[in-house]
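There are 2 protein chains.
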Amino acid sequence: MWLDFRAMRTLILGGDGYLGWPTAMRFSSRGHDVTVLDDFSRRRWHHERSTGSLTPIRSLFERVDAWRELTGHEIQTMVGSVQDGEFLDQVIAEIRPDVVIHYAEQPSAPFSMGSRRQAVETQQNNVIGTLNLLFALRDHVPACHLIKLGTMGEYGTPNIDIEEGYIEIEHKGRRDTLPYPKVPGSIYHLSKVHDSHNIHFACRVWGLRATDLNQGVVYGIETEETAIDERLVTRFDYDELFGTALNRFCVQAVIGHPLTVYGEGGQTRGFLNIRDTLQCIELAANNPAPLGEFRVFNQFTEQFSVGELAALVQEASAELGYEATIENVPNPRVEAEQHYYNAVNTKLLDLGLQPHYLGPELVRSTLKTIARYQQHVITRAIAPKTVWRPAELSGEAMSG
Amino acid sequence: MWLDFRAMRTLILGGDGYLGWPTAMRFSSRGHDVTVLDDFSRRRWHHERSTGSLTPIRSLFERVDAWRELTGHEIQTMVGSVQDGEFLDQVIAEIRPDVVIHYAEQPSAPFSMGSRRQAVETQQNNVIGTLNLLFALRDHVPACHLIKLGTMGEYGTPNIDIEEGYIEIEHKGRRDTLPYPKVPGSIYHLSKVHDSHNIHFACRVWGLRATDLNQGVVYGIETEETAIDERLVTRFDYDELFGTALNRFCVQAVIGHPLTVYGEGGQTRGFLNIRDTLQCIELAANNPAPLGEFRVFNQFTEQFSVGELAALVQEASAELGYEATIENVPNPRVEAEQHYYNAVNTKLLDLGLQPHYLGPELVRSTLKTIARYQQHVITRAIAPKTVWRPAELSGEAMSG
Chain R
48 MWLDFRAMRT LILGGDGYLG WPTAMRFSSR GHDVTVLDDF SRRRWHHERS TGSLTPIRSL
108 FERVDAWREL TGHEIQTMVG SVQDGEFLDQ VIAEIRPDVV IHYAEQPSAP FSMGSRRQAV
168 ETQQNNVIGT LNLLFALRDH VPACHLIKLG TMGEYGTPNI DIEEGYIEIE HKGRRDTLPY
228 PKVPGSIYHL SKVHDSHNIH FACRVWGLRA TDLNQGVVYG IETEETAIDE RLVTRFDYDE
288 LFGTALNRFC VQAVIGHPLT VYGEGGQTRG FLNIRDTLQC IELAANNPAP LGEFRVFNQF
348 TEQFSVGELA ALVQEASAEL GYEATIENVP NPRVEAEQHY YNAVNTKLLD LGLQPHYLGP
408 ELVRSTLKTI ARYQQHVITR AIAPKTVWRP AELSGEAMSG
Chain V
48 MWLDFRAMRT LILGGDGYLG WPTAMRFSSR GHDVTVLDDF SRRRWHHERS TGSLTPIRSL
108 FERVDAWREL TGHEIQTMVG SVQDGEFLDQ VIAEIRPDVV IHYAEQPSAP FSMGSRRQAV
168 ETQQNNVIGT LNLLFALRDH VPACHLIKLG TMGEYGTPNI DIEEGYIEIE HKGRRDTLPY
228 PKVPGSIYHL SKVHDSHNIH FACRVWGLRA TDLNQGVVYG IETEETAIDE RLVTRFDYDE
288 LFGTALNRFC VQAVIGHPLT VYGEGGQTRG FLNIRDTLQC IELAANNPAP LGEFRVFNQF
348 TEQFSVGELA ALVQEASAEL GYEATIENVP NPRVEAEQHY YNAVNTKLLD LGLQPHYLGP
408 ELVRSTLKTI ARYQQHVITR AIAPKTVWRP AELSGEAMSG
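Residue numbers (my numbering), protein chains in the order written: chain R, 48 to 447; chain V, 48 to 447.
Simulated from the structure, these hints should not be mistaken for laboratory data.
It cannot be assumed that every hint is accurate.
Straight-line Cα separation of at most 27 Å, BS3-like style, residue types lysine-lysine; simulated pairs [what the hints assert, rightly or not]:
{"no.": "1", "chain 1": "V", "residue 1": "Lys394", "chain 2": "R", "residue 2": "Lys219"}
{"no.": "2", "chain 1": "R", "residue 1": "Lys219", "chain 2": "V", "residue 2": "Lys219"}
{"no.": "3", "chain 1": "V", "residue 1": "Lys219", "chain 2": "R", "residue 2": "Lys394"}
Note that this is a predicted model, so its numbers are computed, not measured.
Given these sequences and hints, build the entire structure.
Below is the structure:
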């Protein structure tokens, strides 16, 4: 296997984040030449709200120093924004990456729905940032493999099976394979749809190659590398903006708050363990898309409804002595609460993905980690304040 | 009929443009209360290139003064950019329009492909501008009818019939009606796809109402109102960035240059007369989409290939004594030059659209207008300088 090894110049955009930092360590541990780029937007958005990661994450430089000290591997850092086209162009020209792993996007649906300003910030950062990247790749390293984090939320909840990026349509006696239609559920999810269209174009017209990973909801705190030392821990968000349902439920169970299920809880989505995210990224990088291809993988291992997740957390926490109750609260989002959902996810399995499935054991391990930092939980940050449809709207819009 | 008449507070974004200005006069002549908003981007982009309209367009204030003098109707003006969210919010709050007709977008595919800067300017102006508008409508006039100019180019050239916005898909024994898949051919066309997704979301989630007019290529200079007085004339672009094939062919015929067909000339598109654009806009405004609906009309009256257009211009110009030759030049774009194309366009016909079909008479009339301003033709501006795929790319990308 090592006979085949070739170190990849790997550029990780958003390399200070929840997935970016563990990805950087994973690729570095494999002997790749890793650079992380970040502008610390996520830390800033937390500062602005006096919220933060439950785990005590270190600054990027401290992380990189600890990683060097512990493993002897050097991770390069670049500080700046993908929105700055000149800067990004220079970075790409200098590093000439073999692979770019692009996490540098505003990742929160509620954040994007909070105000016009936040909506614009989301689409501007995500869409313009990715557009800047596509031009830089075209102009300096057109054979570079772009691995882009998309989301399963691009598809919405159609009444037919969700395929991986494309669908063959027979219509009035003719056939074509076309991009799978998208009905995303927030301004954030829309930004990912826009990215997908822009990247597809760059592959078709400029011959770039890209893998769009339409990722489900990620859970879990620990990877092989974060477990080495507390200085290498990755962030854990549980607030209304950046936390996800499973994280929220786990924190609520530990602090003795009812698990708050939005609406009926029949909302079904794809999920995966953070360890599997890293596997998927490695599989994509080691098996690059052919030149000119916009390849789409649905990156999740299991489907759950929100209600099922709450029940799982309730069960697992009971074994640790937490008595969690489940409370159905008004849904701040506009979404179907009971719907058909069946998404294909075979392409990454075909490449060799070995899933870590979600069970009581993982939940208990997460609960224990949370318990360790319990005194730092910022309770006021958990309840949803951002609503998809402002209250005053329903009345006025209905009156026509 | 006048018993039913109700003056609409009409806001026209991009009201200084090729279609915006004639639309303003049409709605004003009908007795509606019209405000035009523009930031003169199109005039600026021409200034930057020392190009301009062949017709001697007046400044916005001169136009509005002439319109008042000739008809007694007052058109209000607002100067500013849709990219300025605060400004647009204040405009919507103040005017409280019944209908917004949104033309305020960068409309050129070659412009959007010229450089990273131009690509970013295009998507930023178009996508963020429309996003700002959606928030302003949501917050101040959620029952307002948004009429948005899209483009047939959003669809690309699929191998199945193009439907009007949505397609019913049967897949693995289940059915759903979903947005028609989009394969747009430039950064500009992509921006319109992004807009469509954003507006669809605003209708679904906020209950707004919108009509997306996926317009074909517009030709023609004259409308009922522009013909009243030369001061009311609308712009006529023929340069490589803002001119379209038919305009370019007509100018080339008059100045004795071969008609330059890009590539094989089998590229087929939908076309319509500017008079029919105005009809369509009026039909949409008089028959608003229901609250909560994102309605899509394919707005064109005929399909032609580029080669057919050139042949038509050659024929019509011969009758006026111009000897036009046809020259197939290397295609600066990346597009299929022979392909299936069949697009549905029945919804506007069902509302009462009476098409003005393209024939030698219209071409002759256009040729005569061009001849009148012939001495102002800027010849250097006609040949395509912007290419979709930079020359150096093919080699490097192929070598892997």
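**OP:** Quickly compare the C-alpha distance for V/Lys219 and R/Lys394 to 27 Å and report which way the hint goes.
**Re:** holds, 19 Å
Original post:
Is R/Lys219 close enough to V/Lys219, meaning Cα to Cα at most 27 Å?
Top reply: holds, 17 Å
Original post:
Quick one, are V/Lys394 and R/Lys219 close enough, alpha carbons at most 27 Å?
Top reply: With Cα atoms ~19 Å apart, V/Lys394 and R/Lys219 stay inside 27 Å; holds.
Going down the numbered hints, you'll see the structure goes against none, and every one checks out.
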